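There are 6 protein chains.
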Amino acid sequence: MAANYTPKYFNITFPQEHVAHVEINRPNQLNAFFEAMWIELGHLFNQLSTDPAVRSIIISGAGEKAFTAGLDVKAASQGLLASDSKTTDPARKAVHLRREIGGFQDCITAIEKCEKPVVVAMHGFSLGLAIDLSSAADVRYCAKDTRFAVKEVDIGLAADVGTLSRLPKIVGNFGWVKDVALTARLFGAEEALRVGFVSRVFETKEEAVKGALELATLMASKSPIAVQGTKELLNWSRDHTVQDGLRYTTIWNSAALQTSDVQSALLSGIQKRKPTFEKL
Amino acid sequence: MAANYTPKYFNITFPQEHVAHVEINRPNQLNAFFEAMWIELGHLFNQLSTDPAVRSIIISGAGEKAFTAGLDVKAASQGLLASDSKTTDPARKAVHLRREIGGFQDCITAIEKCEKPVVVAMHGFSLGLAIDLSSAADVRYCAKDTRFAVKEVDIGLAADVGTLSRLPKIVGNFGWVKDVALTARLFGAEEALRVGFVSRVFETKEEAVKGALELATLMASKSPIAVQGTKELLNWSRDHTVQDGLRYTTIWNSAALQTSDVQSALLSGIQKRKPTFEKL
Amino acid sequence: MAANYTPKYFNITFPQEHVAHVEINRPNQLNAFFEAMWIELGHLFNQLSTDPAVRSIIISGAGEKAFTAGLDVKAASQGLLASDSKTTDPARKAVHLRREIGGFQDCITAIEKCEKPVVVAMHGFSLGLAIDLSSAADVRYCAKDTRFAVKEVDIGLAADVGTLSRLPKIVGNFGWVKDVALTARLFGAEEALRVGFVSRVFETKEEAVKGALELATLMASKSPIAVQGTKELLNWSRDHTVQDGLRYTTIWNSAALQTSDVQSALLSGIQKRKPTFEKL
Amino acid sequence: MAANYTPKYFNITFPQEHVAHVEINRPNQLNAFFEAMWIELGHLFNQLSTDPAVRSIIISGAGEKAFTAGLDVKAASQGLLASDSKTTDPARKAVHLRREIGGFQDCITAIEKCEKPVVVAMHGFSLGLAIDLSSAADVRYCAKDTRFAVKEVDIGLAADVGTLSRLPKIVGNFGWVKDVALTARLFGAEEALRVGFVSRVFETKEEAVKGALELATLMASKSPIAVQGTKELLNWSRDHTVQDGLRYTTIWNSAALQTSDVQSALLSGIQKRKPTFEKL
Amino acid sequence: MAANYTPKYFNITFPQEHVAHVEINRPNQLNAFFEAMWIELGHLFNQLSTDPAVRSIIISGAGEKAFTAGLDVKAASQGLLASDSKTTDPARKAVHLRREIGGFQDCITAIEKCEKPVVVAMHGFSLGLAIDLSSAADVRYCAKDTRFAVKEVDIGLAADVGTLSRLPKIVGNFGWVKDVALTARLFGAEEALRVGFVSRVFETKEEAVKGALELATLMASKSPIAVQGTKELLNWSRDHTVQDGLRYTTIWNSAALQTSDVQSALLSGIQKRKPTFEKL
Amino acid sequence: MAANYTPKYFNITFPQEHVAHVEINRPNQLNAFFEAMWIELGHLFNQLSTDPAVRSIIISGAGEKAFTAGLDVKAASQGLLASDSKTTDPARKAVHLRREIGGFQDCITAIEKCEKPVVVAMHGFSLGLAIDLSSAADVRYCAKDTRFAVKEVDIGLAADVGTLSRLPKIVGNFGWVKDVALTARLFGAEEALRVGFVSRVFETKEEAVKGALELATLMASKSPIAVQGTKELLNWSRDHTVQDGLRYTTIWNSAALQTSDVQSALLSGIQKRKPTFEKL
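Respectively, the protein sequence lines represent chains A, B, C, D, E and F. Start counting the first sequence at 1; every next residue gets the next number (this note's numbering). Start counting the second sequence at 1; every next residue gets the next number (this note's numbering). Start counting the third sequence at 1; every next residue gets the next number (this note's numbering). Start counting the fourth sequence at 1; every next residue gets the next number (this note's numbering). Start counting the fifth sequence at 1; every next residue gets the next number (this note's numbering). Start counting the sixth sequence at 1; every next residue gets the next number (this note's numbering).
Chain A extracted, bound-state conformation (with noise of 0.2 Å):
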């Protein structure tokens, strides 16, 4: 199966049976992502997405000092932060920008989109595309060595590619979303788990990897058609009326009621053994 997975800036792997572990992995440069990488990143998450192998996916960073230190500041401020050199109109600038932005927060998006619960693990250093790229995933877990930081407003610009859009509904704590975003300053491992950031704090990056392989395994293990259900569920409903979230639940599980999951879930739990799904 990875033989279909050939990416040039992750490593990608399948430590349990329907998990995919995903590795950023450009450690000498803090794993910091410049274009053709979030590119990738869209691509494989993409593909995750339909690949009826998977169940669940995880995500970590290579080396030992981050998760991602976030955007290669270096390499924007030839690509996306440059001055376009094609035109000095503030509005056709404005055009590319547009394109540029919009381009990169759907490679973030992927994540969210991916049909597949995702768990992250960050260690080291987590920050500015850190938090968005975490924030489009299901489940935070982190090393209690992990340093976070909003980072954008430190290089002149507002995030823009999840982090304002994402964490106020991913935290229940506002006050504390605009102190981060608006003073890009550094929070650790149990403030991020304080205000509800992360799930789990582990003493080091193996046993924070470890933990979110744990989870991912115990998901794969559900049936396939209710997990993938509930994760669409609950994101839906993060947008809309609950009235609507309840409407649309209903439509959605007139046909997923239908599974045969449901059968041999049920007769797992009466014979008390491991249920197996048809792949999806």
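Derived by calculation from the structure, the hints in this document are not laboratory data. Here the structure is a predicted model, which is why all the values come from computation and not from measurement. Keep in mind that a hint or two might mislead.
One copy or two, either will do: identical chains are not told apart, so a pair holds if it fits within one copy or between any two.
Calculated lysine-lysine pairs in the BS3-like style (CA-CA distance at most 25 Å, straight line) [said to hold, decoys possible]:
1) K210 - K86
2) K272 - K74
3) K8 - K113
4) K113 - K74
Since the structure of chain A is provided, determine the placement of chains B, C, D, E and F on it from the hints.
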């Protein structure tokens, strides 16, 4: 007054002036729900909603073992989860499922639509439907022995009578919601308190019910115009922009502020005595 | 600069470069608000919003006893809560109430619409309107002696100048919001911190104000393009879907990213010195 | 089948296979509505909605003079519009009015929520409630003698059971809607046709009813899975963004496309014969 | 009464009881607008909105040649469209432009927010801002010589004070809106009538103004509670789902139905005489 | 330039400066679509969207008989509408259908998302997908021989690639939309013109294409900043409240108004010559 209520699967009592106590009463089956029960529950809350003698409501479960173990899976496999014998056409099955799920949702939503505040006191097993039901209430208390789970993925389905639509708007920790909903794992009273799913944890079931009753009694002692308006405006605001919330509040209060309760409340405040309010 | 501001019910000072300090100044009446005060407050924040010399703002209350005890109930019973002597027609009274409530809301909303971040430092009695007002700000700090209450139901009405619309989107604990709003009970600094209503608790009022000033000073030291964009994008995202948030961010940043602040910030980062930004 | 329906204020017949005809039957009072009538109407359409023998419905009014003259004002002045004798408190009156208006709206909305298409054939006086009621249906036909009016402002109130919410989404001429709703002026069949409120005008009431029946019969001859899905998807799309409409359509059709009706319809098309579809 | 109004760029008269006539008064420049004019227009409609002597309003343009030729382009090139001399930073220019456009929009939106119905009578050149302005009104009439254009693309910009947001919701012909907005082509009275942009076409300007006055007089003769409620409920419904429209209507009418206007209107109907209503 | 485009199922030419002509090219099968065609269509419009040489686009169909007869039903019965051989589980089939429908929708939505205006010229059979496709465009023209139908219910399904979501927002006659969508009946050019589905009817296909080309040429002669902004702002406004539309417009124009196109356009206006605009 109690004469008007003759539920079959619930006990209803009036332990304090203006306070109703609804008890799920199927303790031998861990208060598990089958269709006739949720239909009765819906009717009961529709009736309580406009009963002038009632200003707040508490819900608890009979017996020592469970608030409710959720759906009666055995009954459901012959009902909601049964293969639809009337047709083999998946689209027609979907129509029947839509109607059944929609009807079921309406019964649970009756708690949310009930004009009076509803406080739930949980204990023991509080699985699946327990989360859907209590998420439709206003405040949740529990005993320290409570064992919660968003259990649905374990029977092959995505929760569809409210948990996935309401839980993300009740607790401000989307990662935790994803975690418990995608794994179906058990969680205890302390965890529920920490993430804000319950507001208080008590030593025993009896104390939890007593605590809920005290809270409900306090709410029932306030102006019913003010209290019922507050419940409605908070629920509306949850589902709308701040601006739409403010506007709706303006329209609502343009009638509500004309109440004599304001004078009664102000006067009682000055005279340091308990106000009484015209029935509603 | 201060010459332009001559409020009657507030003190305004500029304790740090680019930082304004607004102090509610009616300490003899526990800083309770009457109509002329909230109108002045609205004007003040509209003016601060576009003042190029101001990049962040703190609000506190004069005197030792209260940030504000809320609405001056005595004044209100002759104004907003007075029976409307112009007419006995409930529909016409409703029209007058709509206009008054709407006008009142606009004054408080001026804090939210103010383009610069606003940090509130509370102490002592912080009742009713204190919650409405501080909920419209970005970050809330308090002294440990602060006594909060969503006091409105105690005077027979549902809070209508912002608390019920904003509080559920500030703290991610809807059960707690229901609890305090439906009972009007007092809660203290520690509880406010635990649920995320305030971000930090200080030993004394003076320290809280000092803390707020430090935070505001830090925000004022960053690129105003980045900071003001971040405030706006977070507030927009709170009220829209993630997708609408991302799109709005794209459009916003298509102009904002053309700022020279990005180069200034990047260069200062490399040169390890404090950047300066053109006034805005 | 007709045996199941025993309405008191309506006639119900089944003039064609799968087509029900509901006739408002109070011709001596110009088919004016009082409370028991709209409650019965609501029940009737809820029942028709899930009756497998029914695939489309027409509504008309008995007698020569009126489809319906609207609210029976005399009955209403003792009911909905009566001064509320139970209380003098405007806020409590408002609660009672809210419940009554809400209940009334639900009865009319039952036509919109009915899963099958509803065609209305109007004639003669079609005032006030006639507009509310027919706006909740799918297609409107009328005789050339029809006299329409959004009559409510003439009795001192804003229309509140659907006209003001639905009419602007039915006819794409907001100025015309404002004109007729703000003046209560009469308008005739030709004007109704020109602005798109009705789809066809017939010489006589009998022809209008016949035309409606032919349209309903045509709709009833198509796949009920396709027809009922189309009604629902159009109503959903009216109230949502194009993107939410597309997504909801995807989820809906993921079950609906599995129907054997597709094969039946395709085969009938090839064989040039009338398809038959399993009952729904 | 007229004494209270002293506009500089508009004439204001009261040709009928409860009816105000606002005339754009810069005929020598084809009634073209510059900044001071739209600010005055906003103030004027805010004042009219709560003037108890006014129940409906008409707007027309002085002189024979134009209702308004739109933006005074010469003035604009030194103002709104001038290059911003205060800064060369495109992001800072964007901030200034945002404030200016937003302020301009608020002035036009004052017509829509005005609680009383507004009828516009157009003639001659009615370009650019003429469309923005009249789209914010309730009903549009015109003389047959009127020449309309959504003129903005011809001066290199997308219309930004209302046309693009309101026109698609006024006329139900999105292709036509795209056509005229993307080409800036002229269109005449007959075309405007056909697509529903205007409701009636008159031979001359004088007749158009007379027709508008008759319509406004009719509206002013009805219960102001009913009329103003109807305007508000239609505008709210345009922007919300049918369900949110129905709910808002319920809340609104729970106060409005308590008016004595209902009894006055009913009684007048029975007695066949013109009702009078308490001032509002 | 044409060298960059090598579509297989479409012809692409550039009949005027800045204008592209896309012709559906499968005349022997009435231009019926199969999967490879809509995928290519999506790619084509994504490419045109950012091609600086293109400022407007027209679409027509090759051959005399049809713009397009819609879905190639034969191909579809082996593809989208085929029973899913990979699984018998209805829930898994639903997942596969969701992915296929979603992918199909994206291809059609590419026309709407294309930054440049798109004009469609239809003739002959214009069934099913013809309506979906043309509804995603900006302006629709047709020859008088055109035969339209929302054909989907005739093959047992609800239209799912755009018609049901877009048509109610294009034509302001919801009853007509219901009529044609629930009956699948044919309608002609005159009816399409009357309800506003098409903007103009021509004698022949050739004239329709010529008319479309003239319109597109006119649009291409205007400032591309203004034209593309206008398309985007109209589409955004269709799906949002007026207030959100106004706000988005403000943000958009805060960059767009900085264009030198404004000066070019103003100057050309004064000098009575055709402006030229920098490429975009």
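Against the structure, the hints come out as follows:
| no. | hint | verdict |
| --- | --- | --- |
| 1 | K210 - K86 | neither (48 Å within a copy, 34 Å between copies) |
| 2 | K272 - K74 | between (56 Å within a copy, 16 Å between copies) |
| 3 | K8 - K113 | within (22 Å within a copy, 31 Å between copies) |
| 4 | K113 - K74 | neither (30 Å within a copy, 32 Å between copies) |
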